[in-house]
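**Q** Sequence:
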Amino acid sequence: MMMMEEEEGISKSVAVTACSAMALFYVAILYSPTLILRLPPPNSFKSFMIRRFVCVAVSTVLSLIVSAVILPIKSWEASDLFAVYGIRLDHMWQAVVYPVSLTSLMYAGSLVTTLLNSLREHSNDGEGHSSNCTNSGLQIFIDKMLSIASNVSTWRNYFVAPVTEELVFRACMIPLLLCGGFKTYSVIFFCPIFFSLAHLNHFLEIYTQQNRSLVKASMVVGLQLGYTVIFGSYASFLFIRTGHLTAPLVAHMFCNFMGLPVLYSRRNGIVSLAVIAGMVGFLWLLFPVTHPHLYNDRTDSFKCWQRYSAWN
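Residue numbers for the sequence shown follow this note's numbering, beginning at 217 and rising by one.
No lab work stands behind these hints, which were simulated from the structure alone.
Ideal Cβ positions, reconstructed from N, Cα and C, are used throughout, including at glycine.
Accuracy of the hints is not assured; some may be wrong.
Have a look at the derived ranges for each label pair, beta carbon to beta carbon [as the list claims (entries may be wrong)]:
id : residue 1 : residue 2 : range
1  : Val270    : Leu489    : 42 to 50 Å
2  : Ile252    : Ile281    : 14 to 22 Å
3  : Asn333    : Asn472    : 32 to 40 Å
4  : Pro258    : Val230    : 35 to 43 Å
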């Protein structure tokens, strides 16, 4: 675990200032190649995305360094430093399986819809055999995985964005806010505000590059910000609750893979029933599945940002 004294901390103003600077820098650096470095525009979309990958990598590394300097860390050994950010190898399977299983409950409607559509397609083709359905689902999964390796956009959605955003907006900011004296629940709802700031650049891109009207651009970005705030609260909850960065990271990847969840269906009662059952199951298992003892051998020596005692 990290080497920080329970009674030590930082001021709230320092924590908020640092988090605000990280959020703004995460976005601003994306435009530095053309606005500051005066590099020529990229000649392809792939080059454009690779340039952005480099920018967010630099931003993430700097955020990790800044937070490490500000936090009251007494040991700079690699294992202790990684533990500050929740980067751990222990309890890895719990940090992967439990959060993904929990998150999938919110996508019960989406999963049932996909299954019904697959069955309907095979039924219309006169090939409604279960083996064909299984093979079709397996083929779709394989094709999806192959697209990740060949499409730069999928690398952004399923790897670069989740990893860098979780490192900056969870691993760096949450320790700062909690050590700054903010209450646990306040951080869970406050931290996503910084997370949403990193998506404000989408408004400019949608409005200028896609030639959308101001109202349409505002509606699209408003929906995105609402979703990011909700997910950001959930990811913050996972991080504080488990003390394991893998937990919100795999949930982030899963949500990006699934997209927006189906929350209702006017035409299919089975889908609506699945949505309700999924939500009930999610709320029922939220605290048991994320109990700190499932992800840590000891919770009696928690430090200032890992407030296990507040959850027991």
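**Q** Against this structure, judge whether each hint is valid.
**A** Taking the hints in turn, this is what the structure says about them:
no.: 1; hint: Val270 x Leu489: 42 to 50 Å; result: holds (47 Å)
no.: 2; hint: Ile252 x Ile281: 14 to 22 Å; result: holds (20 Å)
no.: 3; hint: Asn333 x Asn472: 32 to 40 Å; result: violated (21 Å)
no.: 4; hint: Pro258 x Val230: 35 to 43 Å; result: holds (37 Å)
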